[in-house]
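Visitor: Each chain is listed here by its residues.
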Amino acid sequence: MSDFLQLTFAGVSQGGVYALIAIGFVAIFTVSGVINLAQGEFAALSGLIAISAAGAGMPLIAAIAVGLALVALVAVVMERLTIAPVRSMSTLTSIILTLGVSTALKAAMLLIWGPNARGLRPFSEGLIEVAGITIRAHELWILAIAALVAAAVYWFYEKTVAGKALKACSEQPTAARLVGISLKRASLLSFVIAGLVGGLAGVLASPVFFSSWESGLTLGLKGFVGATLGGLVSIRGAILGSLVLGVLESLTAGYVDTGLRDAVAFLLLIVVLVVRPQGLFGRQAEARV
Amino acid sequence: MLRTRHGVTVLFALLALLLTACAEDSSGGGGGSESAGGGGADDGPIKIGAVLDITGAGASLGVPERQTLELLTERLNADGGIDGRPVELLVEDNQSAEDAAARAIGQLINQDKVDIVLGASRTGPSLAMRPVAESSQTPMISLAANQAIVDDAEWIFKTAQNDIVVMEDMIALAEERGWKTIGLARDASGFGEGVEETLTQLGEEAGIEVIITESFAPDATDFTAQMVNLRDADADVNVIWGIPPAAALAQRAYSELGPSAPVMQSHGIGNSVFLETAGDSADELIAPLGRLLVVDQLPDDDPQKPIIQDFIDIYSEAYDGDEPSTFAGHAYDAFQLAVQAFTEVGTDKAAVRDYLESVDGYVGITGVFTMTPEDHSGLTNEAVVPVTIKDQDWQLLTGTAAN
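Listed in order, the protein sequences are those of chains A and B. Heads up: the first sequence begins at 1 in the numbering used here, then just goes up one per residue. Heads up: the second sequence begins at 290 in the numbering used here, then just goes up one per residue.
Since the hints were derived computationally from the structure, they do not count as laboratory data. Just so you know, even glycine gets a beta-carbon here, dropped at the ideal spot from N, CA and C. Take the hints with a grain of salt, since some may be wrong.
[Claimed, not checked] Derived, one-sided and incomplete: chain B residues facing chain A with beta-carbon distance under 7 Å:
no.	residue
1	349
2	504
3	513
4	517
Starting from the given sequences, assemble the full structure and let the hints guide the process.
Guide: As structure tokens, this is what we get:
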């Protein structure tokens, strides 16, 4: 039983990181139909920047803030240079464009930080023993912050004018434009959100799962699967999907075979796309943010 | 939401795209069958090709190896090269992938016409390079551990200690301390291949057996599943067999889960990345490692001591005080063996091969090499010493039967 709890908990904290990446995918996709393959790179980049900033003597919180700010800036520049100028954006075009950005970001990170993986120092050191399982103190930070961000994003979309405008863009693009919502600004805002949550995922994951120039690929892939499990248009679905993915991965590795860990994501993805393209938790033809 | 439907086809295309991007292709060698033969121009630079794991899972190995080769080449050329001929070093990054390694060696041999190939850093890529070197009859010196790289090979040599000599030491230690059961967590790539079988075979006589084997990808970051299973198996000792940072993260996960059984690690951990990543969790572990890491604790009459000390001095002077790893030592030995061969017999490939096969008593960083036509590794378990870790530093373990 304690094994089951231990594995489940490891899966939940990994899933919390996936969830933040997944929120980024959903935030952008719902507004403009863009699938942003550089989402994982946002995470890798913020992790590396925060490590360098902390290494230069900055307090941890400042280092994280620098990482997040710079990644948000990168997201803005990316949107202005590669997404905004395209007149008729299709999802396929966006995949090719963002794949290019992702490759460029990876190359830049490799040049700046070199090939070695490294970790940010944990937000708090130490281990906690509960009910026969060992929890790293840092994992509690991951869960707490992921939950907080999820709540904040939810509040933003439901309660603020800007959030409602974004929702309107995704549900009724034409009507949104008619009432004076700028799709251009909405798209830019969605990239800022994606940059911030992706960056947060990066600094949260770094102490436990490490950052390197190529760590964004796996993170991005898993976050994408998590988002797809939730139907790719629902924040709640994306979070749930990511947690399910994290736990399933961990349990599969523990009880079946560790080699199958990464296969879980793809098996799930294929099954969901074939059987329930609207996502595990969505109802047919429902728009949700 | 219409976009969901509409996206399905696209998602599959995307999936295929990403799979291609991250697929770990394990295709063997292939290609590179152009007959190389002997001869070649006897003037102009001598070309040394190197295929190293500079990015990807093996980066903590490949980067110091590249730095070592560059440093040695620079120094050799400053001294006038080999018989007046300068040495040209061509380094290729195999991205820690088998297919890229096979491609890189093919290019070095067929297009760049190198006289010898050094590398790869890890077993998997080295095994992928082997058929290319063999079929083109080009001498190759691998820097990796698994004995399968040189088994029955004609043109392949290697400088890292064979994994089997490390396991002999592990079994000797287990016997001495009365450990009867072993739990194993091994690298899922070439380096960890055959570890369980070899340990079982070596331990048979002493009644030592492997009771559980877990594996981890060389680029894995979460080890909870494997370590939970190791803990439950409750062996007398657990062996973690991998390279940093994975081996260090595994060590950390193991100690966090709180089992009390001691840990032995392989000779794959000999760099500072391991110490930094594993932190306190590495205290007390035992690993058979090369002498480089504990050179200050060696007796003065150790034949390797002066050459190791000299290497550490030139390396740290060139690279801002960084100390070389054991992997840098593998590259040093491969380079010196190649240079020795070129100095003695020129660049005729068959002559170089024959020379390497007859190396007798070359004192290197990794050990004292004596090659034979049957043994292209040249090192015995004399080349490792039992090392433990205290306060994030390597400590020679004295007073044990192993050596």
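Visitor: Run every hint past the structure and note whether it holds.
Guide: Hint by hint, here is what the structure shows:
Checking residue 349 (chain B) against chain A by beta carbon gives a least distance of about 6 Å; that is within 7 Å, so the hint holds. The criterion of a C-beta within 7 Å of any C-beta in chain A is met by residue 504 (chain B), whose closest approach is roughly 6 Å, and the hint holds. At its closest, the beta carbon of residue 513 (chain B) sits 4 Å from a beta carbon of chain A; the interface hint therefore holds under the 7 Å criterion. The criterion of a C-beta within 7 Å of any C-beta in chain A is met by residue 517 (chain B), whose closest approach is roughly 5 Å, and the hint holds.
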